[in-house]
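Letter by letter, the chains look like this.
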Amino acid sequence: MKLSHYIQKNIAWVLLLVSALWSMFFYFAIISEVNDETDDSLENYRTLLIQKAMKDSTMLSGNYTNDIMTKHFIREIDYSEWENYQEHFSDSLVFYQDELEYDPVRVLSTAFQYQDGRCFELVVMTSILEKDDMVTSIFFCVLILYIVQVISILVICNLVLRRSFKPFNKILEWMSRFRLGESEEPLPKLDLEIAEFKNLYNSVEEMSDKNKEIFLSQKQFIENASHELQTPLAICRNKLELMAESGDCTEGQMEQIGDIYQSIERIIRLNKTLLFLSKIENHQYNQLTHVRFNPILKKVLADIEEIYDEKAIEGIYVEEGEFEMEMDEHLALSLVQNLIKNAFLHNEENGYVKVHVATDRWSVTNSGKGEALNEATLFDRFTKNTTKNSDSNGLGLSIVKSIAQLYDLEVRYRYTEEGHCFEVSKC
Amino acid sequence: MKILVVEDEKSLRDVIVESLEKERYVVEVACNYNEASFKVNDYDYDCILLDITLPGGSGLDILRTIKSTKKNEGVIIISAKDSIDDKVAGLDLGADDYLAKPFHLAELNARVKSVIRRKQMDGNLLLEMGNLTLNPQTFHVEVGGKPLALNRKEYDLLYYFISNPNRVLNKTTLVEAVWGDYADQADSLDFVYSQVKNLRKKLVTIGADVELKAVYGFGYKLVLKD
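From first to last, the protein sequence lines stand for chains L and P. Residues in the first sequence are numbered consecutively from 1, following my numbering. Residues in the second sequence are numbered consecutively from 1, following my numbering.
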């Protein structure tokens, strides 16, 4: 739900409640004011009538309709009745001939004593406004007011929010584009009026700077660590080589030296690969040349097929077009080597590796047992999808991914009837 | 044969020296820029192993000095910076070879030998051991005058062995020597075994007086038959 809708929804509810309460209050206020006025005029009227009746005794008998609005009745009552008479107001309905309906009236009942001691009851009534009509009209008035208010809030909300949220949206867009180590365009300069957005802007800027810093120092750290490891590793390995050559060792010792040697070998390779990865990510391979992939693919396939000829894996090369692009030659080679090597490594005996090249894509498919690999973690560092090759360092596909990212290539994995397929295509 | 090792890391320098002395070279060392410049200016060497990052200056400057004096010395750069730029810069300045740390001693031996061979104008380019001769330029191998037919991998292996005679070579060293970049998978260790087996068989069949001896648990070495 958009913020503007959210605000509108809430305001609409509150307004509805407020309007309802307000209309009730307004109704009772008006009614009581009207009753008050009516009662006052009835009292005046009563006084006038009694004064008039004192002078004119003919008035004492019969009912009178003074005009459309008011009527009065005079009736003789007992003395005792007069004594106990309480003047009071009441509401009543009277049938009006000309309107053919009952209309509400306000009634004042009172009693007075004539000069000769006779007692009379005086009932004065006047037509007052019809409450039903009043309720209806107040209801419609308030309803119209409510609708107008909601509409204007809607309009204001949309206009104001859209305008004031422009910088916010820009910050958001920038954040969604932001990738550490990849696209690091600076946060656009924004003229911010609203304090909250200003805070957001500053926080985002600070956070991204800090992240960049951490990222860089981490990268630097890996690179430096790998670098510093080179010499001690070289010494270890070379000392072992000399030791093995010395001829002083027993067979058992030689075997152990061999094991240590191979472990060091693995560390050295891992280290080299990490250095390579950080160099790729640091854009240290930036010699763009026009690389023709077809001959590279063909040669690497043939080379690796030869290495793995014990496994009798057949290399199939299918050419449909020329895949060419501007990139660093060294990285192109590494990309091809890693994918094809993988295809051979995770293969079965008498299997095949098929390289297919078209103008905008090339793919490496290999036969192989097992089910599809987990694509989500496939390209992560040190993820081993198959357990059988404990000696692969788990960085091959990371290298593939890093190189692909550098040149906007898309690498996709899929598992088909033919087997595991890695496809590299231009975006 | 006189070799100068310019390397500031003492332990590494020591192993290099020890390894080269086994090959009967006369080895001298320099551990910083000044010492290296001094020795390069005052003496002649057949081969110089040059580290690039040195206390007091860059190995590349020493390389410039060597090349400007028109001395006919082979220079192999040994550097921890395994970057293409360094490699290109070094080779552009006239270095004969480039070896990134960490390297195998066997690899170093092979490179040193190759550089020295190329520098020798009298041109005995052949590598010999017993009745086995190998010509690295024509890829021709002979045993007692009879040509020995080898496939590429067998040739690479033999070249490596004959460059490091009598020295135990680890299986992984051999894998790397023969298969280069592709070799970082453990599977390939088995392939070394089968390649060595083939090569050994061929050497026996043709009657070579050298043999490939297995060193249990570690690797192989090429030795003269008793």
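It cannot be assumed that every hint is accurate.
[To be verified] Here are some of the chain L residues that sit facing chain P, going by a computed Cβ distance under 8 Å:
| id | residue |
| --- | --- |
| 1 | GLU213 |
| 2 | SER217 |
| 3 | GLN220 |
| 4 | ASN224 |
| 5 | LEU233 |
| 6 | ARG237 |
| 7 | ALA244 |
| 8 | GLU245 |
| 9 | ILE257 |
| 10 | HIS290 |
| 11 | ILE307 |
| 12 | ALA312 |
| 13 | ILE316 |
| 14 | ASP408 |
Hints are computed from structural coordinates only; laboratory data are not their basis. Beta carbons: idealized from backbone N, C-alpha and C, even for Gly.
Now the hints, each set against the structure:
The restraint placing GLU213 (chain L) at the interface with chain P is violated, with a minimum CB-CB distance near 25 Å, outside the 8 Å limit. Given the 8 Å rule on beta carbons, the hint for SER217 (chain L) is violated: about 20 Å separates it from the nearest Cβ of chain P. Against a cut-off of 8 Å between C-beta atoms, the interface hint on GLN220 (chain L) is violated, since the closest Cβ of chain P lies about 15 Å away. Taking 8 Å as the C-beta contact cut-off toward chain P, the hint placing ASN224 (chain L) at the interface is violated, the least distance being around 11 Å.
A least Cβ separation of about 5 Å between LEU233 (chain L) and chain P falls short of the 8 Å threshold, and the interface hint therefore holds. With its C-beta approaching chain P no nearer than about 6 Å, ARG237 (chain L) sits inside the 8 Å limit, and its interface hint holds. For ALA244 (chain L), the interface hint holds, since its Cβ comes within 8 Å of a Cβ in chain P; the closest pair sits about 5 Å apart. For GLU245 (chain L), the interface hint holds, the least distance from its beta-carbon to any beta-carbon of chain P being 5 Å, beneath 8 Å.
Restraint check, ILE257 (chain L) versus chain P: the minimum CB separation of about 6 Å is within 8 Å; hint holds. The restraint placing HIS290 (chain L) at the interface with chain P is violated, with a minimum CB-CB distance near 18 Å, outside the 8 Å limit. A distance limit of 8 Å between C-beta atoms decides the matter here; for ILE307 (chain L) the minimum to chain P is near 5 Å, and the interface restraint holds. Because the closest C-beta pair between ALA312 (chain L) and chain P is about 12 Å apart, greater than 8 Å, the hint is violated.
Taken as an interface hint, ILE316 (chain L) does not check out: its beta carbon lies about 19 Å from the nearest beta carbon of chain P, beyond 8 Å. With a cut of 8 Å, the hint placing ASP408 (chain L) at the interface with chain P is violated, because the nearest CB-to-CB distance is about 22 Å.
Violated hints, in rising order: 1, 2, 3, 4, 10, 12, 13, 14; the structure is consistent with all others.
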